[in-house]
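For reference, the chains in residue letters:
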Amino acid sequence: MSVLNSIGEKLKSYRVPGYYTKFDHRWGMVIDLDRCNGCEACVTACYAENNLPVVGEKDCANSRAFSWLRVERYVEGEYPDVKVGFIPIMCHNCAKAPCETGCPVYATYHNQDGLNVQVYNRCVGTFTCATYCPYDVRRFNWRTYRPDKPLDEQLNPDVTVREMGVMEKCTFCIQRIRAGKDNAKDERRGVKDGEITPACAQSCPTGAITFGDLNDPQSMVSKLALSPRRYRLLEELNTDPSVIYLKRVAKDGSTGTGE
Amino acid sequence: MAQQEPESNNLTYKGVNEDVMGIITRSGLGYYLLTGAFALAAIGLFIMPWAYQIYLGQGVTGLNAPVFWGIYLVNFVFWVGIAHAGTLISAMLFITQTPWRRAIARGAETMTLFALVLVTLFIFIHMGRPWNFYWTFPYPNQRQLWTSFVSPITFDVFAIGTYTTSSIVFLYFGLIPDIAALSHTATGWRKALYETLSWGWRGTDAQWSVQAKACMFFSAFIMPLVVSVHSVVSWDFALSVVPGFSKTVFAPYFVTGALLSGFAGVLLMLSIMREVYPVMKKYVTNYHYDRIGVFVLVLSLTWSYLTLMEVATGLYANTSLEMEHLKFKLATPPYLQLFALMIFCNTVMPLVFIVRKVRPSRFGRFVVPVFVLTGMWLERYLIIPNSLSRKFLPWMWHDYAPTWVEASIAVGTLCGFIAMFMMFIKVFPIISLFEVKEDVGIPMRNGKRH
Chain S
1 MSVLNSIGEK
11 LKSYRVPGYY
21 TKFDHRWGMV
31 IDLDRCNGCE
41 ACVTACYAEN
51 NLPVVGEKDC
61 ANSRAFSWLR
71 VERYVEGEYP
81 DVKVGFIPIM
91 CHNCAKAPCE
101 TGCPVYATYH
111 NQDGLNVQVY
121 NRCVGTFTCA
131 TYCPYDVRRF
141 NWRTYRPDKP
151 LDEQLNPDVT
161 VREMGVMEKC
171 TFCIQRIRAG
181 KDNAKDERRG
191 VKDGEITPAC
201 AQSCPTGAIT
211 FGDLNDPQSM
221 VSKLALSPRR
231 YRLLEELNTD
241 PSVIYLKRVA
251 KDGSTGTGE
Chain W
260 MAQQEPESNN
270 LTYKGVNEDV
280 MGIITRSGLG
290 YYLLTGAFAL
300 AAIGLFIMPW
310 AYQIYLGQGV
320 TGLNAPVFWG
330 IYLVNFVFWV
340 GIAHAGTLIS
350 AMLFITQTPW
360 RRAIARGAET
370 MTLFALVLVT
380 LFIFIHMGRP
390 WNFYWTFPYP
400 NQRQLWTSFV
410 SPITFDVFAI
420 GTYTTSSIVF
430 LYFGLIPDIA
440 ALSHTATGWR
450 KALYETLSWG
460 WRGTDAQWSV
470 QAKACMFFSA
480 FIMPLVVSVH
490 SVVSWDFALS
500 VVPGFSKTVF
510 APYFVTGALL
520 SGFAGVLLML
530 SIMREVYPVM
540 KKYVTNYHYD
550 RIGVFVLVLS
560 LTWSYLTLME
570 VATGLYANTS
580 LEMEHLKFKL
590 ATPPYLQLFA
600 LMIFCNTVMP
610 LVFIVRKVRP
620 SRFGRFVVPV
630 FVLTGMWLER
640 YLIIPNSLSR
650 KFLPWMWHDY
660 APTWVEASIA
670 VGTLCGFIAM
680 FMMFIKVFPI
690 ISLFEVKEDV
700 GIPMRNGKRH
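Going line by line, the protein sequences match chains S and W. Its first residue numbered 1, the first sequence is counted upward by one per residue in the numbering used here. Its first residue numbered 260, the second sequence is counted upward by one per residue in the numbering used here.
Some hints here could point you the wrong way.
Far from chain W by the CB rule (all over 12 Å, computed), these chain S residues [unchecked claim]:
no. : residue
1   : Asn37
2   : Val54
3   : Pro134
4   : Lys181
Residues from chain W that face chain S, not an exhaustive set, calculated with beta carbons under 8 Å [to be verified]:
no. : residue
5   : Tyr311
6   : Leu315
7   : Pro325
8   : Trp328
9   : Gln403
10  : Ile412
11  : Val416
12  : Ala418
13  : Gly420
14  : Thr421
15  : Val500
16  : Met655
It is worth saying that the hints were derived from the structure and are not from the lab. The beta-carbon is built from N, C-alpha and C at its ideal position, and this holds for glycine as well.
If we strip away everything but chain S, and leave its shape as in the complex, we get:
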């Protein structure tokens, strides 16, 4: 009976909202929109790091661009009083992700690091996750994308090349998280703050993107997340995203509209 009770307790704990706090990590990201100048270096780095196919003009016009990370541009006002806002959007790794409830085969699920992970091999391509995603960050392999020779030589060996018919999305560079955790384990210590950096954060020239563990109150992301400029995208949907934005500061010192 005690075994059954322990299993019952464990299952119960999973149903508590915010259960991820009991895990080792909850990887999160803070994006300071005041520092973002829309240069799209993060997008380029993401393409290079994660073996994203470049699909060409026709598919891009058809809204099939493969960027896991995109920089949305919003223009406010009329010339000459124009304000242009940039907001980089990638998978928010929601703690209560709508996509996870949609998948019939657990191809997308929540792992112990608080990440929303995608299992390419398990995906059958029902499109449900992408339909349910409020941030439209999921990308589908509409066909088999093969890089032209000799570009296939530059593929990242740590990342799978996905096949046709499979859904994919930003992983917070899970291969780098794995490597960081493995190194820490080899040295018999925990992961240090700042030790793991995704490609987008690494390439950002203004340092707008900060990555770290939201469970660790001493980490850089946790401290930045306390900022009064903090907001989360579409928070009213109660998805509990792991990406936190810091609003822009306008010329007159007030915070901008952000979204």
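Following the hints, complete the assembly by docking chain W onto the known chain S.
Then chain W, alone, in the frame of chain S:
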């Protein structure tokens, strides 16, 4: 005031047998050529483009980043809807002992069966990797992989699976006495087939008792499915957070719409059958059209009310997301025109059935059901791809238009449906013999023996 039930006195047991056998065997070369043409069209317009799509990937469709569900899902929902009338007629009206169901039940059940074939096909067609479809079933395997029971897609697998299985069993149970009766007069391969499939049915009291119990059991079993299956299908959409999908009214809305389109389908099918086989006019009479017309009218009014509620729910929510969705659906051409056409087809057109005389008229038999079916297809189109084109972040908004592959598969599967139906009625009785004979009465009473 109610119209009299059809006069059955001029029918005899033998006459019923001969009429039904005539439908099965007596057809000109034209009929077979037409069946072959539909089958060829299904291969050319459905199988080949599908093979093309499987080979090249979903990129051949018009789907894009926000609109991941296109007219494959529209067709999926549409055909589930068509299947529903058969279930309602065979199960719910069976239990309530409604007399006019007897002559039309078999035809409606057959429609259900082949509509469900298309439903299953469309699930596979819309998948990115259809060859892995069996992963959606919970089966024990060495890798300890399981399915997610919180996913509405898994609900779908069970709902459609249960529905298809029970519909086939129900149809077959009803067929057993009929094909046994026909095996006496049939010749050639049909006789061998009937004798095999009737499992030695001799019409003893014990057999009839078992058969009646089985039909009653399956009616009771299928009856909840009339409501549950399309509710589950609606949850594919309603359980998401997408504006335009996330509405609690969806389950009754979808069920009503399904029954409306299903009854329109049955109406059209019976009308065409009557034109092709004038002998059916003895069995499917103006009385049946009157009853079906009432059903279509009531369902259309209910559907119109729920459509109003669906829009009102969005207006009442009054969030920028819902308003944007409604603006796109109700005020942007061409969807504005499509919405108006849908209202005309589903709300205005069936109103002609208020007039009793219209129900059995040529207009009521052919024109109204075609309009209702068009309207119901448009309803699904205006819900599924349309809601997805205006999701949350305006940067990602993108319109959707089906490509030739999607259009061709939609037409090809319809041809396949017609071809399967035409082949079915050449093998199995499309009128339920033993149920019609219940209307005829015991032969002795009329002094007629067969």
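Cross-check of the supplied hints:
| no. | hint | verdict |
| --- | --- | --- |
| 1 | Asn37 | holds, 17 Å |
| 2 | Val54 | holds, 15 Å |
| 3 | Pro134 | violated, 5 Å |
| 4 | Lys181 | holds, 24 Å |
| 5 | Tyr311 | violated, 12 Å |
| 6 | Leu315 | holds, 6 Å |
| 7 | Pro325 | holds, 5 Å |
| 8 | Trp328 | holds, 6 Å |
| 9 | Gln403 | violated, 11 Å |
| 10 | Ile412 | holds, 4 Å |
| 11 | Val416 | holds, 7 Å |
| 12 | Ala418 | violated, 12 Å |
| 13 | Gly420 | violated, 13 Å |
| 14 | Thr421 | violated, 16 Å |
| 15 | Val500 | holds, 5 Å |
| 16 | Met655 | holds, 4 Å |
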